[in-house]
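Kindly generate the complete structure, drawing on both the sequences and the hints.
Each chain is listed here by its residues.
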Amino acid sequence: MRPFILILLAGLAACASNQASVPPAVTAVQTRPGIDPFADSDPFPSSYRPGPSMKFAIVGATILTGTGSRIDDGTLLVSDGKIEALGTDLAVPAGYSRIDGRDRWVSPGVIDAHSHLGVWSQPETVEAQSDVNELTDPNTAQVWAEHSLWPQDPGFDAAREAGVTTLLILPGSGNLFGGRTVTVKNVPVTAVRDMKFPGAPYGLKIACGENPKRTYGGRGRSPATRMGNVAGYRRAWIDAADYARRWEAWRKAGGAGDPPRRDLQMDTLAGVLRGEILVQNHCYRADEMANMIDIAREFGFRIRAFHHSNEAYKVAPLLVREDICAATWTSWWGYKMEVFDAIEENAAIVHAAGGCAIIHSDDNLVGQRLNQEAAAALSAGRRAGLDIGEAEAIKWFTANSAKALGIADRTGSLEPGKNADVVLWSANPFSIYARADRVWIDGAAVFDRGDPGYRRHSDFLVGQPGQGRRP
Amino acid sequence: MIGRLSILLGALSLLLPALPANARTIAITNGRIVTMVGAGEVDNGTILVRDGRIVAVGADVSIPAGAEILDAGGRIVTPGLIASGTALGLIEVRNVEAADDRATDRSDVSAAFDAGYGLNPDSLLIPVARLGGITRAIATPSYGNDGNRELLFAGQAAAIALGGGPILVKRGVAMVLDMGDAGAERAGGARGGEIVALRAVLAEVRDYVRRRAAYDRGETRDYSLSRADLEALIPLVEGRMPLLVSVNRASDIRDALALARDERLKLIVEGGAEAWRVAAELARARIPVLVTPVDNKPASFETLGATLTNARRLAEAGVLIAIQGNGNNRERELRYNAGNAVAAGLPWQQGLAAITVNPARIFGLAEQIGSLEAGKDADIVIWDGDPLDTLARPVAIFIRGERQPMTSRQTELRDRYRSDGR
Amino acid sequence: MIRLLTAFLLGLAAPAAAADIAITGARILTMGPGGAIEEGTLVIRADRIVAVGANVPVPANARVIDGRGAVLAPGFIQADSTLGAVEVSQVPTSADRATHSRRISAGFDISLGLNPDSILLPVSRLAGITHAVVTPLYDDRSGRELLFAGQAAVVDLGQRPDMVTRPRVAMVLEMGEGGAGRAGGARGATIVALRALLDDVRHFARNRDAYDRGAGRPQSMSRIDLEALVPVAEGRMPLIVKLDRASDMLEMIAFARAERLRIIFDGAAEGWRIADAIAQAGIPVILDPVQNLPKSFSELGATLENAARLHAAGVVIVLRTGSGVAHRARELRYGAGNAVAYGLPYDAAVAAITINPARIFGVGDRIGSLEAGKEADLILWSGDPLEPLSQPKAIFIRGIEQPLTSRPLELRDRYLPAAISSTGSPSGGD
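Residue numbers (my numbering), protein chains in the order written: chain L, 2 to 472; chain G, 94 to 515; chain C, 280 to 709.
To be clear, the hints were calculated from the coordinates, so they are not data collected in a lab. Quick caveat, the model's predicted, so the values are computed rather than measured. Ideal Cβ placement from N, Cα and C applies to all residues, glycine included. Treat the hints with caution; some may be incorrect.
[Unchecked claim] Pulled a few chain C residues facing chain L out of the computed Cβ check, cut under 10 Å: (1) 383; (2) 524; (3) 575; (4) 583; (5) 605; (6) 700.
[To be verified] Listed next, the stretches of chain G that the computed footprint assigns to chain C, with coverage defined by at least 3 CB atoms under 8 Å from CB atoms of chain C: (7) 213 to 227; (8) 311 to 323.
If you want it as structure tokens, here you go:
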């Protein structure tokens, strides 16, 4: 039995640090540490290090590249943690281990664009395990999901065994501003910094509709209505614009006088206004999505993706025009009024309109079968006469998700030079019977169904009932 | 065909799987056997185990062919320890309500609450306690305080085994009742109120026993208790089930003694912080006491007389004492508590008896467990030193003849993270 | 009665009437003694299947549906569902799944007050579901110490006023953590209270006259509840017991044996650990095949192989999906497919959503398989019904062909043209 590689904290010096969110050009002004939001733009840097990467070739597989292509009887070469080459008539160079892909399918690693793994962990029915919703104020833009994230959530293991290599972990939707999201690689670690996706931009979770108004209206405070929601967003953006202006003025003055008082909540909102932090917006209804687009225009920021967005099919052309992704489910509907009009074809229609459709989970069981959820959406689309191929639909949980997360230049598709985040499926991933047989992250094996050494269950399950005989 | 094996202890813990106890004969040889009964200590002795039971103990036991032999290497061999006053099997995490089955607030279930139901043999607390040498426990209900009801009894305790077969050994080994501060509070705030209510309830039960047929016709007076609770209290009023009373103040203990005498109840005193002050009366009435010897704090007005010497003084007065652990997650400290009592003057043999044969006697289990002699269940622990000493550890544990794994979730976590190459 | 008469008249006066429907050339999963028929014909007359087999002649004048290349399967049965009893989960007035009356627990009969016009029914039907075992839930608002949720019913999804196939098919009881919570916080109290209650019910059943005179033992339950529990206490009505932990199930097996109850486990996340004991006790198990996470301290052993292992041990299993949410009933066939992916034989998976639930809930003589004489509840699928990429081509419930529409499909058709008329090129990379 091969022990799973634990990537331990071990006082690692921050390597592969997050330098992507480039701070604006600033004149160096010395303040005490922590006073100036621009002095250290990345106070919780990633210390992720890829596992040992092999040179390997998957030969004879059907490859869905995530770029819209399907390669039958294809070969995929991986070296140094990157996709090296792929095609039909590729020779396997010496020194590459050869993996038989015949009768099997290859896709980019699955990316779950909406997950609460680790911030609402198993055993989820135990209240202490819920760190997802800071329901103390409608605006908690100051909280960061990564500070709730428990890497031992057994859900990460289950997701990895289902081919999920990257996840966007979001705060909950009870607040207008839920807090910062974090993008993680699905590797088993003991501290969240060791799984943070290096260089991935932060996101801000914003929630429309019923959840915030129910949470706060029920307490006799604002927002109690959708118009209260909108007033809440706008007030916050006004504050953020003012905050940004004060820092700019102080900086422009060469740091003369007292600096403005730093505010974590405003830091995040100002980051959105600067375009460094991506807006991930929980929003079901078509009319509300349109309103949010107006708000974004009013304050000069962009919305990266609407999440859940069950009525995206009603405003598909608008979303295409605004270049906003629609992340959604296929089968969920009807549990509350704002999701009453959900249809199975939602993703397919957005796709057919030329938009960025994403199948996400928001759920630790659905997150283990995003391929099936996408298959149901594909099936519904075909039922509606939309002729969409598997090579396109695979993007719904790979390339398009990567785009929404701002990491499409590194992962989400099988193209030379991209991170070797790869799944080898037992069958067509759009079949209900398909299972992820092998999974790689940055070219390092993280799961192999045939090797019990990879069934690394979380510490929580150590010594628990049935584990010895658990499949 | 199992041959005559002679295996060294160190290797044994790694090699021997926990095999079913039956149809196997095991000989533990070369042990310093502390039997806790007549024979006392047997040096260089042998214990013969067959079908989960002890069949022979002594210096000159002949070992049948085919027996597995475990050489104790001169180490101390004791009966498995018995934890009383615990909720092992009923609780997993105290702050997780769903994983805590110690207490009910249901208005029609108080005395009827039976800790013998809902036991969790997979509880992670069990292996942890077992590695402290504990092989049996008295799973004891406690009170739920959310129900706002004026309940009297917490329910019935059950004897459990920490391995070697079904967890439940015996239901209804005691009826649990708080007196003193907590009991008074639950009965409306005053001790007098509780005692009056108790006497009234016991009278109800006796009345119910005589008039069951009339009750079924709806022709009795209204009883304050549900039928299930009335039924559950019958063995108590008939003196067949002991009443385990948590009580600390000397005067409260006297009140409990008086109640037991008047109502002809079998009594067990639990807590007993000031029991040493009424030791002679307890001894005369032959009332056993469960004590926590390290608890020497005047934490409330009913424990002002708490002292480390409680156990010793009670034993000196001739009271049958059992020592309790420090509760559920900390049950493995049971033997340290006994060690502390010894440090405070209790003879070593009596310290060990207080966590083996004494609790067995108190809860009516002495026919099966608590000592090492022919006919008893093979609950046996081999120690690498003095079992009451923190530096000593069990090296082999048998429950009902079945060898127990020397692991717990904690040791598994340790092994997962240890970096010394093992 | 009327149905029988109609069938009789049809059969007599109009042999091979125009109403006959023949589905020909399909691969037929009969789920009955006939097994799978590679290329067979099935004939529907009125509300019944009158013939099914490889060499069944097509009656003259029958309407023929070409089933070549398609798969014909019995309608699926979603167990543990609230279809027909809820419209929007978070709109309480639209939900009739549970009662918080202080006088009604066991007496709650979900078959009364169901909504045959629910828009959830066509949605589920399009996923091949023709029947549901509608099962009451708990409403804990009242803070009452109730034990039972009420009585389940088998219904059809044909959107007919008379949607109840069979009422009062089982009593629902949650044990384990939920049951303990409702019994004051401890599992031990649940069992003690349950035993006392069953004794009271039996006493009530023996002494009804006395109760009518105002005599009899004091009772904690209302008369409605006592009456409802008589068939349970007498072993005539099965008791659905919701629980997950292995030791809870073992305890319940012993309890049911002692009390002579017929029980069905629902949940059973750790069932595989004691599969032999469940099989030996002959207890059917309803389970969610995709629940593989340790969501509570009672589900620590949850695994995707639960269904396969229980089946291998000889347990009769029923699959359910969607976490008991009626809106997600349509995932039933995917759940069955997942169970197959994790080791359950294909036929067993289909049986677990057709004939097994039909038998367990006392309607196995009417539905659940494609056999002559049974009600014509069937789906013609474009391919393997467990595959998402397959879709129904025709749906029959009691011989009535169902429209392949639903409210979501109508919404789709309202918005689809505008969405794709403005199609640009598919969006590119970042």
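Hints versus structure:
The beta carbon of residue 383 of chain C is not positioned within 10 Å of any beta carbon in chain L (closest approach about 26 Å), and the interface hint is therefore violated. Contact between residue 524 of chain C and chain L, as hinted, is supported at the beta carbon level, the nearest pair being about 8 Å apart and thus within 10 Å. Proximity of residue 575 of chain C to chain L holds as hinted, the smallest CB-CB distance being about 4 Å (cut-off 10 Å). At about 7 Å, the closest approach between the beta carbon of residue 583 of chain C and any beta carbon in chain L falls short of 10 Å, and the interface hint on this residue holds.
For residue 605 of chain C, the shortest C-beta to C-beta distance to chain L is roughly 8 Å, which falls under 10 Å, so the interface hint holds. The restraint placing residue 700 of chain C at the interface with chain L holds, with a minimum CB-CB distance near 8 Å, inside the 10 Å limit. Only when three residues or more bring their CB closer than 8 Å to a CB of chain C does the claim for the region 213 to 227 of chain G stand; here the count is 3, and the claim holds. Coverage of the region 311 to 323 of chain G by chain C holds. Counting CB-CB distances below 8 Å, 6 residues qualify, and the rule asks for three or more.
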